[in-house]
Every structure is written in C-alpha cells, then in structure tokens.
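Student: Chains as they are written, first to last, in the numbering used here: chain A, 1 to 701; chain B, 1001 to 1701.
Just so you know, the hints here were simulated from the structure itself, not pulled from any lab data.
Each computed SDA-like pair below joins lysine to any residue, with the alpha-carbon atoms no more than 20 Å apart:
id	chain 1	residue 1	chain 2	residue 2
1	B	Lys1660	A	Ser656
2	A	Lys660	B	Ser1656
3	B	Lys1660	A	Gly201
4	B	Lys1577	B	Arg1052
5	A	Lys660	B	Lys1660
6	A	Lys197	B	Lys1660
7	A	Lys547	B	Glu1376
8	A	Lys547	B	Ser1370
9	A	Lys197	B	Ser1656
10	B	Lys1644	B	Gly1292
11	A	Lys296	A	Gly285
12	A	Lys660	B	Gly1655
13	B	Lys1547	A	Gly652
14	A	Lys547	A	Asp206
15	A	Lys547	B	Glu1657
16	A	Lys660	B	Val1198
17	B	Lys1654	B	Ser1456
18	A	Lys547	A	Glu199
19	B	Lys1547	A	Ser370
20	B	Lys1577	B	Glu1044
21	A	Lys577	A	Phe59
22	B	Lys1547	A	His651
23	B	Lys1296	B	Leu1113
24	A	Lys581	A	Val591
25	A	Lys660	B	Glu1657
26	A	Lys581	A	Thr56
27	A	Lys660	B	Glu1376
28	A	Lys660	B	Gly1201
29	A	Lys547	B	Gly1652
30	A	Lys197	B	Glu1376
2 protein chains.
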Amino acid sequence: MNLVTIAIALGLLAVIYGIVTSRQVLGANAGSAKMQEIAGAIQEGARAYLNRQYTTIAFVGIAVAAIVWYFLGPISAIGFVLGAILSGVAGFIGMNISVRANVRTAAAAQTGLQQGLTLAFRAGAITGMLVAGLALLAIAVFFYILIGPMALAPNGREVIDALVALAFGASLISIFARLGGGIFTKAADVGADLVGKVEAGIPEDDPRNPAVIADNVGDNVGDCAGMAADLFETYVVTVGATMVLTALLLTTVGELLLPLMALPLLIGGACIVTSIIGTYFVRLGGGTNVMGAMYKGFLVTAVLSIPAIWFVTSYALGGDMNSVINPGTDMVPFNGMDLFWCSMVGLAITGLIIWITEYYTGTNYRPVRSIAKSSETGHGTNVIQGLAISLEATALPTLVIVAGIVIAYQIAGLMGIAYGATAMLALAGMVVALDAYGPVTDNAGGIAEMAGMDDSVREKTDALDAVGNTTKAVTKGYAIGSAGLAALVLFAAYTTDLREFFPDATVDFSLENPYVIVGLLLGALLPYLFGAMGMTAVGRAAGDVVKDVREQFAADPGIMAGTSRPDYARTVDLVTKAAIKEMIVPSLLPVLAPIVVYFAITLIAGQDNGFAALGALLLGVIVGGLFVAISMTAGGGAWDNAKKYIEDGNHGGKGSEAHKAAVTGDTVGDPYKDTAGPAVNPMIKITNIVALLLLAALAAA
Amino acid sequence: MNLVTIAIALGLLAVIYGIVTSRQVLGANAGSAKMQEIAGAIQEGARAYLNRQYTTIAFVGIAVAAIVWYFLGPISAIGFVLGAILSGVAGFIGMNISVRANVRTAAAAQTGLQQGLTLAFRAGAITGMLVAGLALLAIAVFFYILIGPMALAPNGREVIDALVALAFGASLISIFARLGGGIFTKAADVGADLVGKVEAGIPEDDPRNPAVIADNVGDNVGDCAGMAADLFETYVVTVGATMVLTALLLTTVGELLLPLMALPLLIGGACIVTSIIGTYFVRLGGGTNVMGAMYKGFLVTAVLSIPAIWFVTSYALGGDMNSVINPGTDMVPFNGMDLFWCSMVGLAITGLIIWITEYYTGTNYRPVRSIAKSSETGHGTNVIQGLAISLEATALPTLVIVAGIVIAYQIAGLMGIAYGATAMLALAGMVVALDAYGPVTDNAGGIAEMAGMDDSVREKTDALDAVGNTTKAVTKGYAIGSAGLAALVLFAAYTTDLREFFPDATVDFSLENPYVIVGLLLGALLPYLFGAMGMTAVGRAAGDVVKDVREQFAADPGIMAGTSRPDYARTVDLVTKAAIKEMIVPSLLPVLAPIVVYFAITLIAGQDNGFAALGALLLGVIVGGLFVAISMTAGGGAWDNAKKYIEDGNHGGKGSEAHKAAVTGDTVGDPYKDTAGPAVNPMIKITNIVALLLLAALAAA
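Make a model of the complete structure from these sequences and hints.
Tutor: Take a look at the structure:
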C-alpha cells in the first residue's frame, strides 16, 4: 500500500509544480490594454466553446454512466465518471493556462527570444505536468480507495472492472474533445484562410477578418484542450491496462501482486520527477536553436529516467531484480531486470519516434524539402508529393514499433510489451510540455499581429512557432505508437477476460477462421470511415465560416476599411455549434461498432465466432489505424513546414507561385493532422475498452 | 479429362471471337492521312515502350525462372515462363488493338455516336475476351498436358507447384506492367498538363505540346496493356488457387477430384460464352446514354451466367447437385447446389461493386458533386473533400466483401469462398471489355483534337470518354475486391501446404501470438510503402517531362508558333526510360518482403514463429491493401469526374476558379487511381504466391 501512496505523492508533486509555475506565468507582464482586449476575446471564445462542448458531452456521459452502472454496478460507474471528469479537467486547465500565457508570451517576446521561449514553454510544462499528474492521481487514488478503505482484492473483478471503466471515461471524453476541438480549430483555420487570404487578400491574423478570433480560439480548444484530454486518456489506458494485465495474468505471484500492480504507477511517478527536472534544461544557451533547446530538456528527462526506473523497479520488488517473478507458469519467465529492460525499450521507442518525426516534418531534411520543391510545378504536384511522403512516413515508425514488440516480447512476454508501453507514457509530462507550447506561441503571434506590435516581435514568435509543427507531430506519433503497444495489452486483457468469463467457449482466434478475417477487415475499416467523417465535417464547417464572413463583409463595408469592428463572437459561436454538431456521430462509431459486430456475427455464426470476430476487430482497428494516423499526422506536419520553408525565402519565397501551391498543401494537411489523424488514437482505445466492458456485461447478464 | 477439353474449346472460342472482331475493327475506315500520321506516332511510341519494358522484365524473369527451376524443378519453371509470357501477350495484343482502334473510332464518330461506341467497344471486347480466353487457356492447356500426356496425379505436388508457378509468372509480369505502364501514363499526363495547360496556356491534346503523343501513348501502355496484364494475372491466380485448394483440401473425394478441379475452368469457359453474347447488347437504342448501353451488355452477361454456371456445375458433377461432396471430413459439408449458390454470391459481389463504384465516381451522385461544389472555395477544399470521399469509398465495398465472405463460408466453407472468387473472375471478359474501351475513346479524342477535326467529333468522343472514368474505376474495384476473396484462398493454401510440408511444426496463427501481430503490421505496411514509391516515381518522372518540354520550347520558338513540329519521340523516349527505371524497386518489394520477414523472424524467434509471421504478413497485406487500393482508385475517379462535371457547365464551368481547383484534384487523383492504387492488386497476389513458393523451396531444400 505504501507504494501506491508514494505514487500519489509524486502525482501531487506534478500538481504542485503546476500551481507554482502557473503563478509565475500569470505574474508575468500581460501586455498593453489592446493586447489584453484581444486575449480577452480569445479567452471568452475558448471558454464558451469548452462550456458548450462539456455540456453536450455530459449528456452522453450521463447516459453511458447509467448503462455502466446497470451492467457493472456502482463502483465501475464511479470509475467511469471519475475518468471522464478528470479528462475534462485536464483539458480545461490546459486551455485556461494557454489562453493566459499567449498574451504574456507576446509581451515577453518584446524583451527577447529566450524570454518568450521561457514563458511559452513554462505554460506548456504546466499542461504537461498536470496531464501526467492528474492521470497518475486518477488511477492511484482510485486504486488506493478500492483496495484500502473498501478492502477489495487488488485482482478482484470489481477492481479490474473499475479500472477499465475509469479508462473508458477518460477515452470517451477524449475522443469528443479531440474531434470536437479538431473540427473547431481546422474549420476556423481553413475558413479564415479561404475567405481572408484567398478572397479578401488580407494577411493571416488580420484583425479585419471576422474569423480571426475563432482561429486563435481553435488553437486553444483543439491543439491544447483536445490534445491534453487525448494524452490524459492515453496515459490512463496504458498504465491502467498494464495493471489490469498484471492482475489477470500473474495469478500465482502471491505477495508480489500488489507491488507489481503498483509498479506502473511508480514508474509514472518517477518520470514526473525527471520531467520536472528536464523542464529546467530547456534553454537557448546563447544560440537561437529553439528545437535544440527543447531536445536538451527531453534528453535530460530521458537519461535521468533510466536510473529512476531502475530504482523504483528494484524498490518495488524489495531489491530483488534477479528472481523469476512468475515461476512455473506457462508464460515467458521474467524478473525485475527484464521489466527494467523492457521499460528501456519503451524509452528507446519514444526517442526513435521523435527522431523519425523530426526527420519527416523538419525543414532540414529531404521529405519537407521535396514537398517544397514540388510546389514549384504547382498545386497538384505539391499535393502528390505530400501524399507520397505521408504514405512513406508510416514505414520507419512501424518498423520501430514492430522491433519494440519483438524485443520486449523476447525479454518478458506480454508483460514486457506492457512495460514498454508504460515507460513510453511515463514521459508524457515532458512530451505534452513540448506540444502544449505550440498553441501558446501560435496565439502569441496572432496577438502580436492583431495588436499591431513591432515586426521584430512577430519574427520572434514566428521563430518560436516554427518548431511547433514538429513538436505537435511528435506528440501524435508518440501517442499512436504507444497505442500500437497498448492495443496488444488490451487484446491480451480481452482474451484473458474471455477465458475467465466464458470458460466453456472455444473461441478460435486463428487467422484460419474466416470470422477473424472479417473482424480484421471491419476493424481496419473503422479508421477510414472515421477519417472520412472528420475530413467532411471540417470541410462543411469551414464552408459555414466562409459564408458568415462574406455576409459580415457585405453587411458592413467599414470592416474592410478598418473603421468598424467585425463581430468576432458571432463567428466563434457559429464554429462552436458546427463543431459540436459534427463531433457526435463519428465519436459514437467506435463505441457502437464492437457491439454491432459482436451481435451480428453471433447471430449468423454463433457466439464463439462472435467473440473471435470482436477480438479480430480490436486488432484490425490498430492495424488499420496505425497507418492512417501516422500518415495523416506526419504528412500534415510536412505540408505545413514545406510552406514555412518556402516562406523562409526558398523556391521564390512568400507570394510566389510555389508559395501558393504550398498554401494549398498546408490547407489539405490541416484536417489531416489536427482533426482526423490524432482522433484515431482515442478511437482505437475506445473500441478495445468497449469490447472489454461488453464481455463483462455479457457475463453479468 | 473431357471436361478440361471443353474448357480449352471455350477458351479457343474467345480467341476466335478476338480474331474475327479484330478483322472487323481493322477493316473500318482509318481516317485521313493526318489522322493516320498521328495514330502512327502513338503506335510507334507504344510499341517502343512495350518492347523496352518487356526486354527489361525478361532479364528479371529469366533470373526468377532460374531460381524457380533450381528449387522446384523444370515443370514449375516452365509454368512460370508460360504464365509470364502469356501475361505479356495479353497486354501486347490489347495494346495493339487499342492503338489501331483509336483512329478508327475518331473516324467513326464523324458518322455518329453509335458508330463510335460500336467501334470503341468492340476494340475493348477484343482485349477483354483475349484476356479471359488466354488466361483460361493458359491454365487449362497446362493442366491438360500435366495430367494427360505427362500422366501426373491431378493433386500431386508437381501439378500444384506448377499451377502456383504459372500464377507467379503471370503476377510478376503484371506488377511490372501495371506499375511501369502506370508511371508512364501518369508521368506523361501530369507532365503534359503542367507544362501545357498551366505554363504555356495551351489546351489539352494541343499538337504544339511535345508531350502530347507521350500522353496518348500512356493511355495505351498503362490503361490498356497494364490493365490487361493485371486482369490476366487476377484470373490465373484466382482460378488456379481454387484448383490448388481443391487438390489440397478435398483429399477424400475419389472419382470426383478431376471434375472438381476442372469445374472452375468450366465456369470460366461458360462465362466466356455469356460475355460474348453480352457484347452484342451494348447499344444505345436511340438514346445517348452510353453508360446505360454498357450496363445493358453487362446485365445480359450476368443474367445468362446464372443458368450457365448451374449447367456446368451440374454437368461436371454428373447431374448430381444434392449429394454431399466431402462426407466425413472436418470441413463444412457442401454439395453441387452449394457451389452454385456460392458462385451466385460472386456474381452478386461483382454487381454490387459496379453499382457502388458508379455511385462514388459517377457525376450524378453526391460524392462527385460534393467534390465539384467544394472546388468553389479553392484548391485546398477540393483536395480535402476528395480525400474524404476516397476514405469513405472504402466502406461499402468492404461491407460487401465481408458479407460475401460470411455468406459463402456459411454455405460451403473455404471452398465456397473460392467459388465466389472464381465466379467473380469468370466475368472478367465483360468487365475488361468495359475498361479497355476507355483508352480507345480517350485516344480518339486526342487524335480528333490534334488532327483539327470538326468540334462535333470531339464532342462525341468526349461523351464516349466520360463513362471511361467510371468503367476504369469499376475494373479496379472489381480486381481488388476479388483479391480480398482470393487472398483467403491463398492463405488457406499456405496453411494447408505448411501442414503437409512441415508436419512437425506447431505454428500458432492465433492473434494472441505477437509474431502474428508483427506479421499483420508489416503486411499492412507494404501497400503504404509501395504506394509512396509509386507516387514519388510519378512526381519525379513528370518533373523530367516538364524540363524536356521547356527545353524544346526554348530551343525552337517555332513550336509554339505552330510552324515547326515538336520532337514527340524524344519525350516518349524520356518517359519510357524514366518509367522503366522507376518500376523495378517497388515491384521487387512484394517479392522480397515475405522472404526477409520469414528469415528475420525465424532467426529471432524460431521457425514456427517465422511461419506464423509470414502467414500473418499475407493477411496483413490484404487488410492494408484493400483499403489503400479502393480509396485510391475510387477517389481518383471521383476527382476526375468532378472536373468533368464542372466542365459540363456547373459551378462556373471551364476556365472558372472552381475549374482550376478541380484540375488540381484531377492531377492528384491521377497517380492515385492509375499508378499506385491498381498496382496494389498484383502486389497482394505476389506476396501470397512467393510465400507458397518459399514453403515449397524450404521443404525441398
């Protein structure tokens, strides 16, 4: 029990870091009255959106909570509600910090690049630590209460179901937040660009554009709040799944059960400490290499995590790293050292995915430059090359994930894969910090433009923002990569649960069973259909924005003349409504698909084949989703930076034909990388978790 | 034996139809001297390309033939060579008809729409019947010789290996032809458009554009020769796999073995007759609905095929449709009626896929219209909507294929799925006829333009060409859909072979084996990597075309003035070299991947897991490839027709901003639908066949 207490203490440390750093950030200079007015409009819009989004989700949430209660009892229902609320809180706090740090970053950039970086990165770090800390606290405190005051057995059914329900709550909120925020941000972005840059011929972030505030709101509700909810979900599901798998598989470890279930929490806690230390190493050190400064922080965190993970593993196992933990079972035998090495595999995967993403989305390498070059021959060739890169970008991450699976499995079997995934997520605090920094600098640039600040400020915020595309792509690659490992863990939980609940079922998961193929195909279809819905939603909502702005321009010619103020709130409200409406149906797809497939196949070919098809669906969705998600997020990032590379004066620079083609590519990449692609990650998890809950419900019924 | 003889006779009937109809087509008016000169240049270019392509492939082919001989003996090597040569012949003949029918169609269109349709469709029908006929003859004659003169047992290892090797030869040539032709046609098309329409501002098919002949050559070597080789391959592999599966699985049927192995050949033969009849029903009947005329022909064929298949099945089984064929085995029991019903499932899948493809690529329905509408707001939204449609377009075909698998399996187990696939391919003659018609009319339009014929001629060829985008997409959806079923049959052959060759191996194909997941992920990666290579190749080669044309314009200003003739042959030669160079590496990917994966996993985790990962790779490539191929081919067709829809006067018509955006979408869709997408089909088959041969080679070693 005191291991869990330690994890709770480390989770609280993250929260304390968040509070202390928030004070520092909020205490910084908030700029001129003009800047504050603009920031106020963004804050107001973001708050209005999130309020409406969470109100809508609450209805769905209450309905689902009631269903969970009915089938799985009150403890699971409480777990679901807890996961849902905390996922929402993570997004809400992240957004609130972000909309306050933006204007302060713009003000700080007046002083210098380092000052701007420090402020923006601290804001990101607050979100990062709160995501990791709250996620850790959610599981650890809930687990503590279940096995402490409530005195339930750590591997009892109530605890396992409750942990799964907690993950479900987090995932369900997260898919809504990711998708709703993603549709909002890209509808506003694409709409503002189309009607502003293309039709009216005014620059990005021009205050005369009625959609400009909506665009800046979008950065916060999509890239910040949505992303935070997503990573919260990924953390809870991964760490929770490792604990559940431990409870399900390690049935003969006796005294070691509780330490082994607590170990993933401790690894998470230890890496919160190393992440906090890492944040203090993000400094330019005289140069102007913003990406280098970021990497310094990440590297310090990663390197310090090695001894930290060794230490907590050894501590949890009472100093014994070399005795086989699961003697005499038919699992791959493993000891503490093996778990340590598998965690190292997780760290290595994280590092490699960051490096590969940097290669595919950074302006210094072949992929982005090839897209920039192909822009010279027009819109069509830009898009062709971008699509080629997006397809190609799936190869190396897949090979890394496959190598990770093979190595971890060779070392410690399924538990090894689970520890690899857990160690990946343990670094979430630092990774989210790098990502959440992006929308802050993006907004700062917008505020500088709208407030008519000196050009040198915009130059600095642009320099800070340039790495944002890469760090955003990194987080998404990281999240989906970890999903690749987590899905295996969830699938193992599914098969183990199945044997426990239905000991008489003879389910054939072999590829020779056609219903397995059917499940794989239907699973692989889900991300395609989901992606199609997300892309269409953005197109439709962006069209609404265009119409609204055209109407505003037509009704009041003073807007374009700069004599009257456009009705920003009206556009924000319109995008809000559109995004909320569009997010519902696609989000329900992964919830309903497993249920429909199970019952349909059971009806046709019997329950055993229903279970087989459902299991295959879970793997189909990861096999299909991994590629859809990586290709979309990496491709989108590459398109965006190809445009930036041209704007830096290559291939004709701003205003050239190549630049126009690159703007098209960037527009195409927007819903790819910020709406459809990233939402695939929670989609994969929801499908898996719904299957687990379905099993439990069927067994209880 | 006389069943096989009947099949051979029916195959010869297709060849006779081809010869007779060729005479009719070649006897038609070949137009003015000017038209013949242009057609001559296209013929020359196409011949030069195919000669060089087949010479290059010959080197690869000879090397592979030697390897096959070394591991599997001379009979298999002969099978490989036979499959390879006939696949090449199918493409060669198709191309030769096409480059002669184009100018005659242009001439016939002077008289009327019906005359143009008749000529172009007859040319397509020749290719269609020759593809189906030669494919049927290849298997039937080879099988006849093996079990007749050579007196080998029909289910003996030599016969099985020889049939697999025959399929391998067909597939290997086909992937080169599909990819090489695909790169040629799209590099020339994209390059010609970029430098002609966009830079020089001259219309499509303008004789001043040096790339214009290359563009027209491309239609023939890509859409005709490449497509013919592809469908030849699909036919041989599907029918061959059904025979092989019969030999492997039905080990207790005694006397019925030979009839059951011959039945797929008879179904193919019967449908050649119904296809030939169907061709005579392709008539306008007074109206101008070209697509309707096509459908009439297809419907007649499909409906007549129902009694025809019933008749041959009953005949092969000696009139006994109701006795269980495989009593006392552990397979799903089935009788003749069951095989008939499964064939009907295949016909239904074909019909539904045509209908769905028409919906997604026809100008009368929501998908194409939504892309056209989104063009109003620019290049970016056009591409976004096109990508959304391409993702969405995978859903219905997947559901149809899944339903087909489930129903066929419920009726007659694995053999049912095999018969579903066989019946699909039996209609190949008619489907290829619809497709091969496209490049003829496309070329006819080009010749009309270049020869300065009356505008009314171009209008008629345009009307004929408009349905070409849909029929082209139909064939690709059909080929990849059949691959979905055929892959299951090939996988069953793989597992059955595995048990026979390695009776002591305990291979775990369960999804619970991580090496199965690894195989699935690596398999799903292949189409992505392959697609990336194909897209990049087109971009690179198109860039070469642009440079060449620019040089020609710069060196001789008389070209643009219309006073001197551009050097068409130089551009053709350049594209030829580029396409040949670019096709090699991606084509070898599916050949080498199974071998590398098997040996790598065997090295790491033992031979049993090597076999498991290899098996999973085979299914991974279909699970991944099905979606990549359908999304690319349907999306590309939709983009193309969205442009046509705008050119018909909607959303501002030709020259409007919406039209420019639609041209971008069309350019993006080009390599999607004509290079990367369709080549996925042979890629899936090669991966599977190489795995089968690898097993045989390992067993022999």
